[in-house]
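**Student:** These are the residues of each chain, in order.
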Amino acid sequence: MIGAADLDDLTLVVRAQEGDTRAFEALVRRHQRRLYRLAVRLLGNTSDAEESVQEAFVAAWRQLNGFRGEAAFSSWMYRIVTNRCLTLVRARRPVLALDELGEQADPEGASPEQAAEAHDRATALDRALQQLSAEQRACWILRELHGLSYDDIAAIVGASVDAVRGRLYRARCTLAEVMAPWR
Amino acid sequence: MAVNGIHSQPDTAALACGQDAATVWDRAATGRLGTHDRDCPHCRAVADDQRVLAMAIDALNDQAMEPPPSLVDHVMGAVLTELRPADYLPLPTRHGRARIDRIAAAVVLRHAVDQMTALRVRSCRLHLIEPLASPDTHTPTAVWVHISVTARFGTDLFSATARVRQMILTAAEDLLGLPITAVDVDVVDLFADPARGTH
Amino acid sequence: MLHVSDTVVARVAAYHACRVPGVLRLRPDLAQSLASIATRLFPPRDGEHRIPTDGVTAVIEAGRAEISITLVAQWGRNCRDLAEEVQNQVAEHVGAYTGLPATVTITITDVDYTG
Chain A
1 MIGAADLDDL
11 TLVVRAQEGD
21 TRAFEALVRR
31 HQRRLYRLAV
41 RLLGNTSDAE
51 ESVQEAFVAA
61 WRQLNGFRGE
71 AAFSSWMYRI
81 VTNRCLTLVR
91 ARRPVLALDE
101 LGEQADPEGA
111 SPEQAAEAHD
121 RATALDRALQ
131 QLSAEQRACW
141 ILRELHGLSY
151 DDIAAIVGAS
161 VDAVRGRLYR
171 ARCTLAEVMA
181 PWR
Chain B
1 MAVNGIHSQP
11 DTAALACGQD
21 AATVWDRAAT
31 GRLGTHDRDC
41 PHCRAVADDQ
51 RVLAMAIDAL
61 NDQAMEPPPS
71 LVDHVMGAVL
81 TELRPADYLP
91 LPTRHGRARI
101 DRIAAAVVLR
111 HAVDQMTALR
121 VRSCRLHLIE
131 PLASPDTHTP
141 TAVWVHISVT
151 ARFGTDLFSA
161 TARVRQMILT
171 AAEDLLGLPI
181 TAVDVDVVDL
191 FADPARGTH
Chain C
1 MLHVSDTVVA
11 RVAAYHACRV
21 PGVLRLRPDL
31 AQSLASIATR
41 LFPPRDGEHR
51 IPTDGVTAVI
61 EAGRAEISIT
71 LVAQWGRNCR
81 DLAEEVQNQV
91 AEHVGAYTGL
101 PATVTITITD
111 VDYTG
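Protein chains in written order, with our numbering: chain A, 1 to 183; chain B, 1 to 199; chain C, 1 to 115.
None of these hints come from the bench; they were simulated from the model.
Treat the hints loosely; a few may be bogus.
Stated by the list, open to error - Computed, partial: chain A to chain B, Cβ under 7 angstroms:
{"id": "1", "residue": "9"}
{"id": "2", "residue": "11"}
{"id": "3", "residue": "14"}
{"id": "4", "residue": "21"}
{"id": "5", "residue": "30"}
{"id": "6", "residue": "36"}
{"id": "7", "residue": "50"}
{"id": "8", "residue": "54"}
{"id": "9", "residue": "73"}
{"id": "10", "residue": "80"}
{"id": "11", "residue": "83"}
{"id": "12", "residue": "89"}
{"id": "13", "residue": "90"}
{"id": "14", "residue": "132"}
{"id": "15", "residue": "181"}
Beta carbons are placed, not taken as given, at the ideal position from N, Cα and C, and that holds for glycine.
All chains should be built: construct the whole structure from the sequences, respecting the hints.
**Tutor:** In structure tokens:
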């Protein structure tokens with residue numbers, strides 16, 4: 001017996017388009033983890049992330065008949081979540097000033113234990129991420145944390161591949177600078 | 001990126017040694033640094049930056065959080081309360097009227113066919129062919145089923161579609177009690193069987 | 001002569017419909033959900049109590065009970081046979097309890113194969 005979890009995305013999408021809510025639930029369960037992690041990094045907090053991903057899935061359910069299957073369902077969802085998060089980020093003011101960040105990212109006084117060091121490294125990088133422009137952050141996260149190709153990222157953020165390459169390069173420069181004390 | 005004809009910030013940068021920094025970065029990330037990259041101080045600096053960031057990325061990935069269980073519940077709660085037009089097929093009972101939601105009937109047929117491993121049902125639509133005359137509830141109605149399937153690569157399509165047609169007829173009679181007049185089967189795609197290494 | 005309300009008929013119908021094997025639960029349909037909102041907003045005049053039990057409506061007219069039941073069926077049970085069994089059980093019990101002849105309309109909104 002094949003369960004919904006064994007079916008490919010497109011089969012589940014067609015079923016959901018015809019009103020099968022259990023097929024849609026299988027899609028939500030399959031993709032929620034990646035999308036939630038994307039939203040957490042884009043937004044910098046979990047409660048906004050949860051809400052954005054929920055809204056994105058409900059929006060996807062409503063627009064499902066417009067999904068024609070030329071792109072993968074995952075790319076389509078990445079685009080919806082990214083757009084929602086970017087809109088939210090643009091609507092709020094920057095959280096930290098750069099010099100403040102420099103102090104927080106300073107590893108001085110960090111425990112020599114590796115676990116603690118890894119934790120501090122992650123925290124420093126996470127803080128640094130929030131200092132990037134929303135567009136740079138989106139490109140960097142999709143590339144470095146989600147391993148997507150330049151083509152996929154370009155389609156998701158609605159920019160050219162060259163623009164994605166540029167944003168990624170500038171993001172890396174900024175992050176490398178902030179992370180320099182960790183060399 | 002050109003803004004008003006001026007490069008406000010370069011997309012890429014040439015290092016003092018002439019190498020493109022972004023390209024060196026990509027080589028470092030994929031572990032393909034050349035002899036020059038390793039000897040040149042400029043390229044080494046880029047590779048060091050890449051390494052420091054890569055370690056931080058690993059640390060960040062280790063902290064990745066699981067979505068809360070409430071996420072699926074909230075989404076499905078909203079989905080299930082979305083209004084959709086009610087659409088039913090009549091069930092032929094002897095006394096009084098009975099009907100079944102058209103989507104629920106399709107779900108039953110799909111789920112029955114999901115027991116076949118050679119085929120996967122994508123679309124499953126039930127069309128009601130209205131009886132020509134009379135509002136008499138006992139006039140038999142006809143239902144026509146149109147399904148699209150994907151087939152396992154190498155499956156005998158003639159026998160598999162004949163079998164799925166028979167399964168639909170049997171499931172409609174045994175599970176729904178709905179008389180079906182015709183079943184159309186479209187094979188829309190093939191899928192590979194990873195277990196048997198087909199491709 | 002015995003006089004019973006729509007509510008009495010609906011409660012008897014709901015009670016016996018739930019007990020037919022293969023009926024997972026009764027479910028208010030959209031019209032009922034909207035009607036129950038309307039009832040809260042506009043309290044009914046006498047004789048218009050038509051939302052007595054989730055998933056069941058009953059109206060007594062000219063000495064007959066018109067009952068409508070919306071339900072979720074269990075996977076594996078033949079839907080037509082299930083509908084017929086609910087119609088028979090409900091009509092029989094409503095008749096025996098209230099003396100009213102009943103016509104029962106069944107709507108199956110979902111078939112649950114997970115539970």
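**Student:** To test your reading of the hints: which numbers does this structure violate?
**Tutor:** 1, 5, 9, 10, 11, 12, 13, 14 and 15
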